[in-house]
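Asker: As a plain string of letters, each chain reads:
Protein chains: 2
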Amino acid sequence: MIFIKYEKGQGMKKINAKTLAGFMELTTEKQIVFNQMKSKIEQVFILNGLSPMDTPILEYSDVLLAKAGGDTEKQIYRFKKGDNDVCLRFDLTVPFAKYCAIHQNSLVFPFRRYQIGKVFRGERTQKGRFREFYQCDMDIIADGELTSQTADAECIGVLSQIFEALDVNIIIKISNRKIWKGFFDCHNIEEENQFKILNILDKKGKISDDAMILELNKFSPKFAKQIFEISNIKSLEKLFSLNIKNSVFENGLEELSSVFEILKLLNIKNKVILDLSIIRGLDYYTGIVFEAFLLDTAETISVGGGGKYENLVDNFSNRKLAGVGVSIGLTRLFDILDKNNLLNFKQFTTSKVAILPLGNTLSECYIIADIFRNMNIPTMVLSFDKTFKQKMNYANKIGVQYLMVIGENEINSKTFGLKNMLEGTVFEGSLTEITAKLGKSK
Amino acid sequence: MIFIKYEKGQGMKKINAKTLAGFMELTTEKQIVFNQMKSKIEQVFILNGLSPMDTPILEYSDVLLAKAGGDTEKQIYRFKKGDNDVCLRFDLTVPFAKYCAIHQNSLVFPFRRYQIGKVFRGERTQKGRFREFYQCDMDIIADGELTSQTADAECIGVLSQIFEALDVNIIIKISNRKIWKGFFDCHNIEEENQFKILNILDKKGKISDDAMILELNKFSPKFAKQIFEISNIKSLEKLFSLNIKNSVFENGLEELSSVFEILKLLNIKNKVILDLSIIRGLDYYTGIVFEAFLLDTAETISVGGGGKYENLVDNFSNRKLAGVGVSIGLTRLFDILDKNNLLNFKQFTTSKVAILPLGNTLSECYIIADIFRNMNIPTMVLSFDKTFKQKMNYANKIGVQYLMVIGENEINSKTFGLKNMLEGTVFEGSLTEITAKLGKSK
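So the protein lines, in turn, are chains G and R. All letters in the first sequence, in the order written, are residues 1 to 442 by my numbering. All letters in the second sequence, in the order written, are residues 1 to 442 by my numbering.
Keep in mind the hints are simulated off the structure, nothing from the lab. A couple of the hints might just be wrong.
Put simply, identical chains are the same to the list, so a pair is met inside one copy or across any two.
[To be verified] The calculated lysine to aspartate or glutamate pairs, modelled on EDC-like cross-linking and capped at a C-alpha distance of 16 Å, are: (1) Lys346 <-> Glu29; (2) Lys40 <-> Asp167; (3) Lys81 <-> Glu123; (4) Lys386 <-> Asp143; (5) Lys391 <-> Glu410; (6) Lys320 <-> Glu310; (7) Lys238 <-> Asp202; (8) Lys80 <-> Glu42; (9) Lys222 <-> Asp335; (10) Lys14 <-> Asp62.
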């Protein structure tokens, strides 16, 4: 045993119980829905044959910051413990890169993994920003290059399946960094300005068209208008018709065509469209990028996305591992859906049934609870020392779906009543009939 | 979007990819088993109608350290971020107490919760000790006192169900702090020495009987032998026959009798015995305490336990909330089972089926994968750009259970082959027959 010594409350001195700002802590009825969402996402990952991964919350600072620079460092929770300079992870990608670098010789490629876990960013708390949040990631990594577009399309497919499982309407917008890279190179726009232009395009929808053209003018007066027009293109045919002769551009166009072809083969129920204003950060992605947006909110809100990168482990190894990944910020997604009243919070318990012993029937109540649990029906016995009325009150308050009061009458007659607490109806029957009814009900 | 700026790998300078000592990071085949264990534990909590809870990894230091003293502070990961003095949580109990103090007026009592999450203790890394580890906790909290022993017994029941679900043989040893408290008070042993004696009793099994009596002699020469004898008592009758006239002792005995009575009503398949040498830490528990020990290892290894406490929130509030809880250290449990060769690692994928497209059948392969996934059968399509032989090799290496090669022959004849990769057998049939077969297989 690892002992932690707990001191007794020092007399009357009480400490103010409070939670750090920017750290989500939910009440039970919301936590139940949050956990359901989390497990639906995990289930989609597993159904797609992705392997689980779990890496530490804490890592060496030089490892975590290998790939991060600039503003990132300010956001990081970094400190010393003994001789170690450590950080809380700020995403699941760098730990994944570290993992792949360590295990590169034993991994079987393509390596397909998912990971769901908390990450930390100590930025200023703003509306909708969290300092601790769950990220749900998947990646498909190749040894060398990913030569076909199946992995890209399958990642978009998983993203789509997840929102279908969550019953959330989205649209997935797809672009390719190579389109811009090719266009910029073709027109000799320097690398520094390329990044600045992408940064402006990333603001699409947040600033007006005029403001955007004005900004683009600063970095490429000659091509500002054309860049703006390309960012509005919604069809591959239009993009082809630009007839830009640049190998990177042409390759990007080919990849986009291929991805849309494969997407047709996948059973995707969400809308998937071309949108060249999708950028997804600045430096990380090198090919296909995609982003999911909510359809049922007034504002345009991004709730996940991903893309292709040329090299996962370049900070750790000379080996080249290309990949494509998806990331969903679950904490933020939950918060947005909650604030837009798109979630239903009904229950304060995971229990489907509460059994209320009346008189000396605790033994039988435990046996019946055991039968239900063996049928995968969550069950609690209201065995605590309160009156019948208080227990009925309790069952009502926690919002349990079904209540069974078991007294000696029920035991003797072998007929039980199953009360549907929402509808107020009572189903009467033998234990077998009750179990069958519970097993069938959602 | 929250952007993290990723810098490109700076030329040739590579960073050594490494993980902090004492932080478990598993390879895929082990991670799969670890996650299965975690989800089995969660399933038992849910089947018993416990509500989920999730609290931050980071908390204000004064909140986390409210209840901790002495050696605890040295173990804590504590640092400053901006103006905040913060800590990584070192258990799930103090955050739970904080939560209950914050929400005390909206909670419905008895409040029954479970929580599974990582906790952090920066102690020296020793054999079997982790600095980051999963704890799996449940608690049942009353508003005021817990007047009956049903909650205690039900907690022991959940502990038992968990190890049954994990298919791990344990014995659960039960004691009551009140037995010792009553005995000590009855013989006017001072409080300081009481703690020291309990600390010695806690070493039972780790030091010899003679060494124990010698140590006990230091703090209570008069009663050392009697204390040692009581610590060996294995039956309630024997304890009754001591005929100690002290209200705390008698109350403790009554509670023990009552717990063992209720345990008889519960369908507990593990061995449950009285063992007064069970102490469970020093200061925290005030009544019934219990601990689970592995039966299939050479050494005596504790793998979880819990007990009753008088007041959860005394450091935060004047309200009295008594409770009983269970805690299992999953990371350590996994490590022990692994080191004792009690776990089986067979698969490097969560996929049950791999579909290998032969020729131009990707579209059909995706459709079939979709059908399988809708039947809850994890499926991957080997769609990547490799040769048939390389794909067969891949399917073998990741240890997928079933392989389906789908060429134009299969599509035209509507007859498919499902290869059991372990047994080398092939089942032939229509898609419906294959789906049924997969649905039935474990």
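Asker: Hint by hint, note whether the structure agrees.
Answerer: Verification of the supplied hints:
For the identical chains of this complex, lysine 346 and glutamate 29 are intra-copy neighbours only, at 6 Å inside a copy versus 38 Å across copies, given an alpha-carbon limit of 16 Å. Within a single copy, lysine 40 and aspartate 167 get their C-alpha atoms as close as 10 Å, which meets the 16 Å cut-off; across copies the closest is 26 Å, which misses it. For the homomeric pair lysine 81 and glutamate 123, the shortest alpha-carbon distance between copies (10 Å) is at most 16 Å, but the shortest distance inside one copy (22 Å) is not. In this assembly of identical chains, lysine 386 and aspartate 143 lie within 16 Å of each other by CA distance solely across copies; the values are 12 Å between and 64 Å within a copy.
In this assembly of identical chains, lysine 391 and glutamate 410 lie within 16 Å of each other by CA distance neither inside one copy nor across copies; the values are 18 Å within and 61 Å between. When the C-alpha separation of lysine 320 and glutamate 310 is checked against a cutoff of 16 Å, the pair qualifies only within one copy, where the shortest distance is 8 Å, while the shortest distance between copies is 58 Å. Taking the shortest Cα distances, lysine 238 and aspartate 202 never come within 16 Å of each other, neither inside one copy (21 Å) nor across copies (77 Å). Taking CA atoms no more than 16 Å apart as the test, lysine 80 paired with glutamate 42 passes in neither setting, with 34 Å inside one copy and 34 Å between copies.
In this assembly of identical chains, lysine 222 and aspartate 335 lie within 16 Å of each other by CA distance neither inside one copy nor across copies; the values are 43 Å within and 63 Å between. In this assembly of identical chains, the alpha carbons of lysine 14 and aspartate 62 lie at most 16 Å apart only when taken from different copies (11 Å versus 40 Å within one copy).
Figure legend: structure checked against the earlier numbered hints; hints not met, in rising order: 5, 7, 8 and 9.
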